[in-house]
Amino acid sequence: MKHLSVYLWACLAWSQTPDTDWLHYGRNLSGWRYSELSQINSSNVNELTLEWVFQTNVPGKLETTPLVKDNVMYITAAENNAFALDLATGKQIWKYAKEVPRDLQACCGLVNRGFAMLGDTLFKVNVEATLVALDSKTGNVLWETVIDDYRKGYSATVAPLVVKDKVVVGIAGAEFGTRGFIDAYDARTGKRAWRFWTVAGPGEFGGESWPRDTQAFQRGGGSTWVTGTYDPELNLIYWGTGNPGPDMNGDVRPGDNLFTCSLVALDGDTGKRKWHFQYTPHDVHDWDATEDPVLLDVVHEGRKVKAVAMANRNGFYYALDRTNGRLLAAKAYTKVSWAKDIDKNGRPILIPGQDPTPDGNVACPGGGGGHNWQPTAYSPQTGLYYFTSSDGCHTYYMTNQEYVEGQWYQGSTFNGEGLYPKGSIVAVDPATGDTRWRWEMVSPPSGGLMATAGGFVFGGDPQGYFFALDAKTGKPVWHKQLGGTVIAGPMSYSRNGRQFVTVAAGQSVFTFALK
Amino acid sequence: MRLFCWLLGFLLPAALVAQNPFAGNAKEIDVGRGLFRIACTPCHGIRAQGGRGPDLTLGIYNNGNKDEDLFRVIQNGVPGTEMPGYTRFGDDNSWRLVAYIRSLTLRQEKPSQGSAAAGETLFWGKGACGQCHKVGGRGGPMGPDLTRVGRKRSLAYLRQSVVDPNADLTPGFFKITVVTKERRTISGVQRNFDNFSTQFMTVDGKLHSFQREELNSCEREFTSLMPPYRNLSEAELNDLLAYLVSLRGEVAQ
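Keeping their order, the protein sequence lines are chains A and B.
Start counting the first sequence at 1067; every next residue gets the next number (the numbering used here).
Start counting the second sequence at 461; every next residue gets the next number (the numbering used here).
Okay, the calculated beta carbon distance ranges per label pair:
# : chain 1 : residue 1 : chain 2 : residue 2 : range
1 : A       : K1488     : B       : L667      : 22 to 30 angstroms
2 : B       : L667      : A       : E1468     : 45 to 53 angstroms
3 : B       : S669      : A       : K1338     : 55 to 63 angstroms
Chain B regions said to be covered by chain A (calculated; three or more residues, Cβ under 8 angstroms):
# : region
4 : 488-498
5 : 504-517
6 : 642-654
No wet-lab data here; the hints were simulated from the structure.
Just so it is clear, the structure is predicted and the values come from calculations on it, not from any experiment.
Yeah, the Cβ is synthetic: ideal placement off N, Cα and C, and Gly gets one too.
Kindly produce the complete structure, drawing on both the sequences and the hints.
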């Protein structure tokens, strides 16, 4: 009888918390990072305890969003490492490692943001700009394709996005005078299916936004290092593009510099551009639009609209109609000094005197922007969109720089000396961008977010805390010191009636559950 | 033959010593400045006058003063410190950085007019600087360690720091003030300040640690707890500065 009650209890728990995976970088193809699991909620969050830790022993920043399928967790780490872990114990099942070329240059660490998965095949980029397919059971390489030549300054850090039978990837390297693109590869063979150049060439649509008869477009940046999203109904891929090159010297590239600092909507089969929206024309502050483009529905002027939300690095939150790229709403979510507002067509109304100068010029937001690439979350339960924000300003410097293939080509830098920017986690109404709550942090944030049906927003900070905020109010309800900076986005899954929450911090992966 | 051997003996080692191909070349120095702004400013400051890392405009460096020493440090970093290696820059760019750093030291400062011995007396006596600052193991733990400050900072910077400590704060040495639930106010120098807790040191050398939920308030001000030393005579100030400039890490530990 005693045994029966234990089984009944287990069955009840299982029925309330069925086994749930995490199969995409952004949890679903819309990039919500929302877990419908609610076992961990306000009645028990204080009982959240450590289940296991996996130490990667890989130096460098750990930016992975783990994937979970069957009884295995798949993570990637810096410097071309990846691991499969036993879900119950965190013990290593297999390891993938590939030596990084010694002459590789990358702007911001030899990092990787995670796997994509189709059936039993895993896909990841290697930092020397290759795409590799692994057998999920063994970690054996099925194929590896060169995306482009790392000696030109290209590198790859993005988690791929699987769209039907293709693997879509972006590229990094806009600080090295490269020309950005978005590629799709056949998932079975690794053969490239299409490429969309994010810097328009002469004679192409948008080509007139670059100076004529120069090589500026070839060095025009527009890298695509954060995973996009996909709407199967519209068959459109949404992908953000990075800064124009050189970052802080716009004099060598007069014009709007399409399609840098933009969102592009591409046909899911051909990669052809359906529409684009440029957030920051002729950017000189390194305000990449490589933030999560999150697909959600909003009510606009009384009707339901399929929208795409982005908290842009330039300090404004935007909601666009994702069928045609038209602006629905734009609103500053942090201090902005460079534009008064966004006009009805989506173009910023500039405030003069904000550009970088040789001796330095202060502008806000700072160089990393307001919100940077870190994963964001949308909760259909609260209807709110959550993201991190660096709040403050930087001094921007402009320096003339000659282009040398494969070398840094940034046209100078930005610097926060004496300005002490802070940070926050912001919850906005995605239809309007109105801030509903803001949890202030002591320094610019470092980590990604996840929303859960338990009523929380999980996140981490540079000082090594992993925490849960009340999704309705922003009030912190739980925290734990993990001893290493949290950069990655948290994720959640369930097995045998128990909900787990996992996050990478420092060089390790931590999994929590109720006792 | 003897002359040839002598010459060979002198010239061969000289030829093996690395030469900076870009020394004094204005165009390459400008490229070096661009590289410096990208890679080095987070620690050495936009004007290379130090911060988290040492001042690089003084003409004296922690790991050797020759061009080849600077090149080696840029390439390999300094083990045991926060200075990473930049082999990825390649040889040419490392030499461009050396050329730029060298160009900064051309404007040498006039040495301090004071007496370092008199300044040392002032430091440990009337000035009570040693109450908060350590030199070679002696002194208080609250403020920045000054054992090597003569290598890290210029005379002008040190003068400003003494008379106006808030002009440029040493990162991490900010003022923390908490009010406890018992309404007791405590201020000290930051050791940590995060979203959930703070640790700080008071002038008596005591370390305090609080969770935010234990406190009525917990604030950080970007100011220094050091008082401005404006009451020193010009002669006293010069003596003190002469002593600070003399602190190059060669103090018995």
